[in-house]
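Trainee: Sequential numbering of the sequence shown, starting at 101, is according to our numbering.
Treat the hints as calculated values from the structure; they're not laboratory data. Each hint should be verified, as a subset may be incorrect.
The list that follows gives simulated cross-link-like pairs (lysine to aspartate or glutamate, DMTMM-like), each with its CA atoms no further than 20 Å apart [unchecked claim]:
hint, residue 1, residue 2
1, K237, E210
2, K237, D332
3, K111, D130
4, K316, E531
5, K371, D623
6, K624, E645
7, K148, E160
8, K515, D435
9, K414, D435
10, K371, D139
11, K150, D139
12, K371, E523
13, K515, E533
14, K636, D618
15, K406, E666
16, K320, D332
17, K458, D379
18, K646, D623
19, K327, D301
20, K119, E179
21, K540, E368
22, K434, E523
23, K316, E156
24, K148, D130
25, K515, E307
26, K406, E516
27, K237, E307
28, K267, D139
29, K365, D130
Label pairs and their calculated CB-CB ranges [what the hints assert, rightly or not]:
hint, residue 1, residue 2, range
30, L558, A649, 20 to 30 Å
31, N534, S627, 28 to 38 Å
32, Y427, Q522, 21 to 31 Å
Because the structure is a prediction, the values reported are computed rather than measured. We put the CB at the ideal spot given by N, CA and C, even for glycine.
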Amino acid sequence: MCGIVGIVSYKDVVQDLVKGLLKLEYRGYDSAGIATIDDGKIRLLRRKGKVAELREALAESPIHGNIGIAHTRWATHGEPSEINAHPHISDEVAVVHNGIIENYASLRVEAEKAGFVFKSQTDTEVITALITLNLKKGLSPLHAAFDTLKRLEGAFAVEVLFQKNPKFIIAARKGAPLAVGYGRGEMFVGSDAVALSAFTDTITYLEDCDVALITKDDVKFYTFEGKQVHRDKVESFIKEDETGKGGYPNFMLKEIFSQPEAVRKTVENFKQVVLTAEDLIKAVQQAKHIGLIACGTSYHAAMVAKYWLEEYAKIPVFVDTSSEFRYRNPVTEKDTLAIFISQSGETADTLAAMRYCKEQGIKTIALVNVPESTMAREADFCLRTIAGAEIAVASTKAFTTQLALLACFSLLVGKEKGTLTQETLDRMYEEIENLPAKIKDFLTSSGYIKDIAENTFLQTTGSLYIGRGTLFPISLEGALKIKEISYIHAEGYAAGEMKHGPIALVDDGIPVVVLAADGRYFDKTVSNLQEILARKGNVIFIGSEKGAAIVGDEVKWKIPLPDAGEFLAPIMFALPVQLLAYYAALLKGKDVDQPRNLAKSVTVE
């Protein structure tokens, strides 16, 4: 969601601010803007739409300055428009903000009574108002910020320019992520390491309720209460060359094809780091229950892991969506090991759920792709996927690396619980090590899926995905992908549930994607497939070469997969559902990297 970047420099910062915004496009947005201070005045330019439109406006009406802040907005309060775009300014300050100010309505009334005139519908403008009113009372910029920040309720990251003090930016965070980057004669601040990767690989992540006073040569950190504190520098794990398309037409296709290497690296890291982590292994030994909490695609990974953990480790497992878990006053057992899954490690609902569990004295694991993220820092333990930067909004390589890591973790739990023999463990780890090559083999020859998508999804308004066992969550993921980027309505179901309602939707115009792995569920899934064919359903079969031969010519559309075994089938089956969604969206002329209304890093509720 919303992205922010700021620069204090010895040189003009406008083009670098634009560069930073372009790095943040992956987060999803509907407008963009820049504010600088030049010749003692705040200079502002905003546009509804993409950063490209802001660049065009800058070419026609250039602004300059050695200090500036910029923003990409994902609308929450007020429709997408130029007047609601950030930055929001007064005669004293310019402000950009990521997050939601929950008590903005009462603060707005208070500011209006004090004489502040609002121009937008946003919650953000109350920050502008309160800081402005504090400055007019005679408070210094830093104390005006302290006083304002302590009054804001919700999750937010904020950057502020002061017209009368053009030497520094004040930035702060509560809930939403923010990082400071170090240069030579210039300093940077942004929503994440991706935003700063164009400028530096040395960064400091702000802690919750931190304030940063940033000049071109230095940064000082404070708490909201005004106490100065120390924060460590770290090396960013993201390099600028990782955030390019690498010769692919878009990020999503690049990320789909990078999955073999991402899975390989994730498995190697698990063996090197996790299998030797004595404290984590002790926590696994002591756990009598496991909880898996996540949102969206990560929730589907959690659903798969429940099957694995219960089957191979024989341990009770619950799975919950973060946004429900955090509010339903869940009953939690002290001997639960709770795993929180998030690509960014900043997902607001998942972070809040994790903090709830920590308050209850439950051991927590953050399974994330960003090792410096808030969840990684606050959890008792961290399991890291090595997927690299994922830029496309719809997750692909983050999902398959989550699955690979959870597969390895399930075997670890099975070993520590004594439910798997060493012989079985060796065989299953060997299957995991062979997986990247099988993923690569399939992707290399997958171009024909574009023809299947063209003949099945191009004219339809709806679709169904079905599977059993660990492929049921993959059917949910397939349906989510097609919805996310092609805007075709889709539903994922456990195949045995078709006769309990969804089969009423089946006709010759509705694609039904049937996921059928060899093994115990195959015959039953094929029976469900036959029920769909009997009702003229337009079936797309995904399974092994052997399975494709068994269903025969009755099924026109088939996607055969290399045999990776029943254990790892969910990872292999994730690949064709990603490609079906990708090609359907591409053929319909949709933006596969930045689908409408969606954001990559969901840092608000």
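Trainee: Decide, hint by hint, whether the structure agrees.
Mentor: Verification of the supplied hints:
no.	hint	result
1	K237 - E210	holds, 15 Å
2	K237 - D332	violated, 35 Å
3	K111 - D130	violated, 29 Å
4	K316 - E531	violated, 52 Å
5	K371 - D623	violated, 36 Å
6	K624 - E645	holds, 18 Å
7	K148 - E160	holds, 16 Å
8	K515 - D435	holds, 18 Å
9	K414 - D435	holds, 15 Å
10	K371 - D139	violated, 57 Å
11	K150 - D139	violated, 28 Å
12	K371 - E523	holds, 17 Å
13	K515 - E533	holds, 18 Å
14	K636 - D618	violated, 25 Å
15	K406 - E666	holds, 15 Å
16	K320 - D332	holds, 12 Å
17	K458 - D379	holds, 17 Å
18	K646 - D623	holds, 13 Å
19	K327 - D301	violated, 27 Å
20	K119 - E179	violated, 25 Å
21	K540 - E368	holds, 17 Å
22	K434 - E523	violated, 33 Å
23	K316 - E156	violated, 28 Å
24	K148 - D130	holds, 6 Å
25	K515 - E307	violated, 37 Å
26	K406 - E516	holds, 17 Å
27	K237 - E307	violated, 29 Å
28	K267 - D139	holds, 12 Å
29	K365 - D130	violated, 35 Å
30	L558 - A649: 20 to 30 Å	holds, 28 Å
31	N534 - S627: 28 to 38 Å	holds, 31 Å
32	Y427 - Q522: 21 to 31 Å	violated, 43 Å
When each numbered hint is compared with the structure, violations occur for hints 2, 3, 4, 5, 10, 11, 14, 19, 20, 22, 23, 25, 27, 29, 32.
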